[in-house]
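Asks: Residue-level listing of the chains:
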Amino acid sequence: MTKEQGAAAIEAILFTMGDSVSVSALCNATDQDLSDVREQIKYLKEKYDREESGIGLIELEDSFQLCTKSEMYEYLIKVAKTPKKVVLTDALMETLSIIAYKQPITRLDVERIRGVNSDHAVNRLVEFNLVQELGRLDAPGRPLLFGTTEQFLRSFGVKSLDELPTLDAVRVEEFKQEAEQEISVKLDI
Amino acid sequence: MTKEQGAAAIEAILFTMGDSVSVSALCNATDQDLSDVREQIKYLKEKYDREESGIGLIELEDSFQLCTKSEMYEYLIKVAKTPKKVVLTDALMETLSIIAYKQPITRLDVERIRGVNSDHAVNRLVEFNLVQELGRLDAPGRPLLFGTTEQFLRSFGVKSLDELPTLDAVRVEEFKQEAEQEISVKLDI
Amino acid sequence: MALEVKLQAFEGPLDLLLHLIDKNKIDIYDIPIAVITEQYMEYIRAMQKDDMEVTSEFLVMAATLVDIKCKMLLPKEVNEEGEEEDPRAELVEKLLEYKMYKFMADELRERQMDADTHLYRKRNIPDEVMSYEEPLDYEQLIGDANLAKLNSIFQALLKRQEDKVDPIRSKFGKIEKEAVDIDQKTEYVKNFIREHNRFSFRALLEKQHSKVEIIVTFMVILEAMKTGELTIEQEETFGEIMISSNVYG
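Protein chains in written order, with our numbering: chain R, 1 to 189; chain L, 1 to 189; chain Y, 1 to 249.
These are calculated hints, taken from the structure and not from any lab test.
Idealized CB from N, CA, C, for every residue including glycine.
A few of these clues could be false.
Taking beta-carbon pairs under 10 Å as the criterion, some of the chain L residues facing chain R (in silico) [said to hold, decoys possible]:
1) Glu71
2) Tyr73
3) Tyr75
4) Leu76
5) Asn117
6) Phe128
Using the sequences plus the hints, can you model the full thing?
Replies: Here's what the structure looks like:
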């Protein structure tokens with residue numbers, strides 16, 4: 001077996017096995033002695049060291065394994081993980097607006113306002129670094145309090161929370177009147 | 001990106017993914033256009049064709065996959081668990097060849113050609129992932145249409161369906177000539 | 001003709017026919033139907049004797065062969081173009097098509113043997129790649145959301161919350177569940193039956209107020225009817241339903 005043939009056989013074995021393969025196993029499989037195999041491994045290593053190779057050879061306690069070169073990770077990431085497009089859903093926007101205006105606020109109070117369990121939404125907003133824990137409420141169960149982050153201010157272009165548009169006082173008054181009217185109308189029946 | 005760098009990236013991707021990767025996925029991951037990727041694949045292929053390489057590159061309908069060269073098989077069977085060979089019975093082979101050449105084809109048409117119910121054979125081929133459903137025929141009963149899979153191409157060493165071995169035109173011609181000669185010779189009933 | 005060869009399994013009637021054609025070294029285009037039919041029938045008989053499953057497909061082919069044999073003995077049929085039709089033509093075509101795929105199957109099998117010597121690799125994505133998280137693109141995340149939108153969403157939420165409060169119901173103190181004691185009701189209806197002997201269903205229902213009471217009453221009547229305590233009459237459609245007691249009357 002020539003050096004090239006031996007190297008090819010070793011390459012094929014390492015490729016197929018995936019895991020590391022001991023030098024002795026390589027000797028057995030190719031029916032060669034240690035020195036030949038070592039020489040072929042060296043030859044392989046030189047081949048992989050060239051720029052045109054995306055594969056590398058690592059040695060682990062007299063065993064060898066093929067791996068991709070770490071410079072290749074940026075390409076692998078694009079194939080292995082299709083980047084997912086993240087956007088704020090309506091549920092997330094609602095939750096964010098409640099936290100922004102009512103902070104510091106507990107999960108339970110968010111849920112009370114939205115009328116649905118909002119744990120997932122709050123967690124996502126924390127993941128996105130738009131919302132953070134501010135401490136705990138001094139009440140039974142000591143629930144976590146949430147508020148907005150600096151990233152929130154940055155993303156929404158506000159310098160401070162004071163700059164949040166205030167709730168339109170007129171509109172709030174309108175709501176109340178509407179509600180009162182409805183009550184009287186219904187009571188008239 | 002140089003040709004060498006591109007080839008290295010593609011090699012790393014194919015090595016990592018194990019499965020076949022489409023050319024378009026390679027273009028996306030390496031952020032290159034088709035012609036560059038094709039050139040780099042060609043470069044890789046040349047590299048693998050050299051004697052010192054135990055790895056080969058196969059093409060399957062515009063997708064690419066790394067595999068060991070068949071000359072390496074003798075070393076690999078000593079170390080690697082070789083995949084269980086799918087031994088196809090005559091009935092399965094017949095059915096497979098009909099589906100391969102006539103796809104998309106319904107179960108009924110397979111049966112018509114073989115002269116025997118082939119449901120079982122078709123189902124087995126689907127189980128072996130050699131045949132897949134391709135959709136439904138726009139005809140009464142909307143019967144399923146079957147065709148071959150990528151695994152079929154891989155198992156039979158064909159790059160694309162166009163590359164399926166064609167029926168020997170010479171043989172067909174022979175049949176016909178024989179028949180014409182014997183038209184005069186009337187058969188004995 | 002004696003069958004000396006051990007019966008082999010055939011992949012259907014066409015496979016058997018091809019075998020016979022091959023064995024007799026005859027031209028597929030010029031099948032001596034009489035000979036082939038004899039041999040085919042011989043096989044079918046042998047198959048049956050060996051208790052092999054002789055499927056309908058084999059029998060259909062036998063019938064087809066006999067049919068062709070008959071046609072060949074009769075004067076030739078002539079088609080629209082005035083050409084003589086060979087009764088074997090259709091069979092020959094089928095046989096040829098089948099033979100072609102059988103041939104290709106062998107061809108494919110050879111290729112499979114070559115292809116089987118290639119080994120592949122399992123997917124093996126490095127941990128560094130798997131654990132990688134793409135940095136969040138805030139511009140994309142926020143999209144067209146801005147302060148005004150945040151504000152209007154919050155306002156809408158507040159309004160929705162107020163709407164949720166039913167102004168009337170919220171004024172009620174407590175709403176109590178109407179309890180209908182089925183046993184009591186049953187007892188009441190039975191008493192009614194005992195007291196009235198013969199009465200209209202309407203008269204009974206007039207004493208009931210809620211839906212549940214009506215349902216229970218109806219069920220008690222049905223039950224009493226089943227056990228034969230009551231007889232029910234209705235003279236015409238939508239007429240008065242009269243109930244009379246059989247037990248207490």
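Asks: All the hints need checking, so say for each whether the structure fits it.
Replies: Here's how the hints hold up against the structure:
no. : hint   : result
1   : Glu71  : holds (8 Å)
2   : Tyr73  : holds (9 Å)
3   : Tyr75  : holds (5 Å)
4   : Leu76  : holds (6 Å)
5   : Asn117 : violated (40 Å)
6   : Phe128 : violated (22 Å)
In the structure shown, a violation is registered for the earlier hints numbered 5 and 6, in ascending order.
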